[in-house]
Amino acid sequence: MSYVNVTGLARRFGGTTVFENVGFSLDKGEFVTLLGPSGCGKSTLLRCLAGLSRPDAGRIVVAGDDITDSVPQRRGIGMVFQNYALFPTMTVAANIGFGLRMQRLPADDIERKLATVIDLVELRGKESHYPHQLSGGQRQRVALARALVVEPRILLLDEPLSALDARIRANLREQIRDIQRRLDLTTLFVTHDQEEAMILSDRIFVMDKGKIVQADAAETVYTQPATEFVARFMGSCNLLDAAACTRLFGHGIDGHLAIRPESIELLAAAEAGADDLPATIRQHQLLGNVIRYQVESRGTVLLVDRLNRGRDDLLPRGSEVGLRIRREDMREVG
Amino acid sequence: MSYVNVTGLARRFGGTTVFENVGFSLDKGEFVTLLGPSGCGKSTLLRCLAGLSRPDAGRIVVAGDDITDSVPQRRGIGMVFQNYALFPTMTVAANIGFGLRMQRLPADDIERKLATVIDLVELRGKESHYPHQLSGGQRQRVALARALVVEPRILLLDEPLSALDARIRANLREQIRDIQRRLDLTTLFVTHDQEEAMILSDRIFVMDKGKIVQADAAETVYTQPATEFVARFMGSCNLLDAAACTRLFGHGIDGHLAIRPESIELLAAAEAGADDLPATIRQHQLLGNVIRYQVESRGTVLLVDRLNRGRDDLLPRGSEVGLRIRREDMREVG
Amino acid sequence: MRADLYHRLVVAALVALLAVPVLATLAYSLAGNWGATILPDSFSVRWYLQLWHDPRFLSAFGHSLLISVATLLLSTLVIVPAVFVVFYRFPALDRTMNLLILLPFAVPPVVSSVGLLQLYADGPLPLVGTPWILIGCYFTIALPFMYRTLADSLRGMNLHDLMDAAHLLGASTPRAFLLVVAPNLRTGLMASLFLSFSFLLGEFVFANILVGTRYETLQVYLYSVRMTSGHFTSAIVMSYFVFTLVLTWFATRLGKQESQA
Amino acid sequence: MRADLYHRLVVAALVALLAVPVLATLAYSLAGNWGATILPDSFSVRWYLQLWHDPRFLSAFGHSLLISVATLLLSTLVIVPAVFVVFYRFPALDRTMNLLILLPFAVPPVVSSVGLLQLYADGPLPLVGTPWILIGCYFTIALPFMYRTLADSLRGMNLHDLMDAAHLLGASTPRAFLLVVAPNLRTGLMASLFLSFSFLLGEFVFANILVGTRYETLQVYLYSVRMTSGHFTSAIVMSYFVFTLVLTWFATRLGKQESQA
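For the record, the sequence lines run as chains E, W, X and H.
The working numbering numbers the first residue of the first sequence as 1 and each following residue consecutively.
The working numbering numbers the first residue of the second sequence as 1001 and each following residue consecutively.
The working numbering numbers the first residue of the third sequence as 2001 and each following residue consecutively.
The working numbering numbers the first residue of the fourth sequence as 3001 and each following residue consecutively.
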């Protein structure tokens, strides 16, 4: 039996369906990312779990306890918002202690818990600052501490990093994951950033148009996308239709064939064997640590990624090369 | 003689110096990116070129013509702003034609030029729309057309893509580069995004604290960073101090040694030769097309990038490996 | 659900508080006779006819319109360039302006008109008793409305980027202002003009103390007839109310057209 | 540079336009005697002493303070919850409210007070002549100021996210409002209270028509003494002006403290 069980959840606004028949379960201590483009319904799903939006159908069970109709106050769910949602007229300490004061805990319990969580998020010394005196990263750490200090059963994170700079985002990402592991906290993280999802998650739920289209470990979602949408959304992908397949491999398929650019090996024409595809370099783009080649083979242009190992390694435009693609790196998608 | 020559340019606000003694030249038709973190002075430099900010010292010469003291109206410089700066009460056609009307061209000249540029930026059919009816990408194309139609001698782009979504950004990026090549337009592009800079530019000027610290082709800036700042700013980098160098290679250095994660080769322990470093895998992170390993060798943790080629290829935590680093991929930086 | 009901009640109470007097006045103005009964005995429009045929009323109305329109013309000519200059060249002045425009608002009309009476009753500028002094006064009343609204409009656009873009495309500062900035101010300007207009049309204290019957305005007239028949004054109230409603509706419609254009 | 000079002139002219009458009045109020000379012959503060020892003035001032403070208390109690309800539960109502609050502002005081005179002179609620009718009236005057300012404050915060965060941390809606939202409204509330206060203190038409000398307020008193010595009335004007300045300064300081806290 899983820690969190969601079954048949649906939410409609007026005439339009945001999502329908959504079901999943989370294990205790699992870090799961809900990944999808904006407007796919992921935030609304999160709000339904928190009780901030009422589902039109379905059940939400946490630790054997049906909370579908509970008020947000009694769900034991913590949430961190994209825009921090800190209380502007309260100090850092007052913000973090708000939930404890609502529980009417004795003052020294509050003090003790505050001290622990402030150390956890490394905000010692900032207790009497106001939110507007903090940087974006510090604010989000206050919001995290405020959600953690009441010891929620589930932590929901609604794009908590998207308002931050790249460098701070990377740091805070690590910190969140680290704290989550230490507290063994069941966490559902919402984002539209596939890199963030892959780095952080035990499992990724990919959402598209109100449906969870794939729910797997990060590696699996990336290397074995269930649908064309997933293949496209998770990084770059060569998607070949039946005609291109026939030209390249001599047999057609239903749907599309997905091949990741980094799984194709570029060989010098001399090294290429009978099973390899003959091809010509058309263009290259320096992406930083990776060079992305556009390679044409039998009338189809494929993207091929190669590590950037200096000038001598670069294949000039027009070079004749061989492409080696392993059978297990090709994947048929719907 | 270059097309654009800037010498000894300086700008101060009150007591603080934004930049000082900045000099560079651009060739006709060159696409150059001014890359740097926010606050490094790159936007102010652009505004000085446009005549929107007055330099305190220095000269700006375009095609042999000293424009340092010209008003913006007479510089023949086009500019695209981050926030589009479209005229909200004018249609797309009126926005684009604004500069032509200021030149008091005859109506059919205006018509003809409008038609050409509207085709160029693929906005046919949107002529009578207002800016608020367009998407972000369309708005920026209108802004681009408005700057292009008056046939400027230099085109300045001030972070034109940073307000756009990732997908639209990639498309518009290609389109700008394509148009710039077709018109052979001398272009100075300002951004804080190193990937954007590398993909687009003939040359990159890296700016740090009011100085141009490196001005080279994208590949050179990436593989041969002139300073520690450049090495850090252009993607991930292993930066080793003298102590780490001595431990790893037996000899110290002045400053730091920069080694890109993708230039280090990971070998099975058996394959490693005497020149390779013995190392242990500590952790790995799936970044999408690349897997980033944290590898420890002789007490130093190094990042090593490898293409993501499926599960079998993955090196588990604790594996003993060899690291092969070519001499030419190590670079001493100040 | 109980919380919801409470919320609805608060809102309903607020609306009723504002609507009841209007409805009662309407009934009274249309009543031919209203004795001891709860509802009037008969209805008639004769109070309205009487009002709209009174030449003194019509001339006072004309005076008021003239003064208000003149004031608003003057204000527009002064304030539109001034607010542009403040925002484009001296943005630091905006704080000062925000305090300054509160002053004529905070000093009550009775007090400042008494002050003005001292200054302009005779001496080099004997303006008291002429419409000119009202136009000057009303200018300071219209100033806060117009400055605030126009300042909001300017704050809402990227003034500097728009001006920079226009400059780079070859426009001089005045042309850039006229072609790029001014059209953006139109909606805000219209809204503040309508608001100022209805406020000026309703101004009594300055008009009464500074000019009085020497150039009778609408409010001075209305004040002087306030003790005649209650039905007649109710007709005045309702006429005014309808006039205001029409103005407001017109202003709203104009605003909508703008935002669709 | 020439453009700059022009800009500076426009601004200077605007400031002068507002400052000159104030300075002239100050000089007049301090003049012991002012004959045919350009500057007065002597200076004295006797007009100020006379004003501040007049028991009728002091009682009128007291009445005004009482009515204004009562109005503002009532307004705060009604409007603060109402505006929260509008923004939190019925955001669509904000448009309606924005029109509604303009009505009492657009119908001129003479007209509406004449209307109210009909309604409340006798009948079931004979309020005319009592301070109660003024409190009711002034409530509708304070409403627009307070609603607008509070609405701006609410628009400026993430009301729904803040309420959601507070709910998830265990707070009920009333507690979340009191602990999280209300403290954010304090600055805006204070500013609008000060503005309303100085406006209400300066209100004349309603006070004069609806209550008159039966419960004399400050403005009615000032109006009745407007024809006595010009120096005396100048002293009134300057006293009032200083009072307003002090209030404004106080309000600004309070606002600053808030934003630093």
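These are calculated hints, taken from the structure and not from any lab test.
Be aware that a few hints might be false.
Unchecked claim - No farther apart than 35 Å at their CA atoms in a straight line, the calculated lysine-lysine pairs in the DSBU-like style are these:
#	chain 1	residue 1	chain 2	residue 2
1	E	Lys209	W	Lys1126
2	W	Lys1211	W	Lys1028
3	E	Lys126	W	Lys1028
The structure presented is a predicted model; accordingly, all values stated were derived computationally and were not measured.
If any of the earlier hints don't hold here, list their numbers in rising order. Number 3 - this is the single hint that the structure violates.
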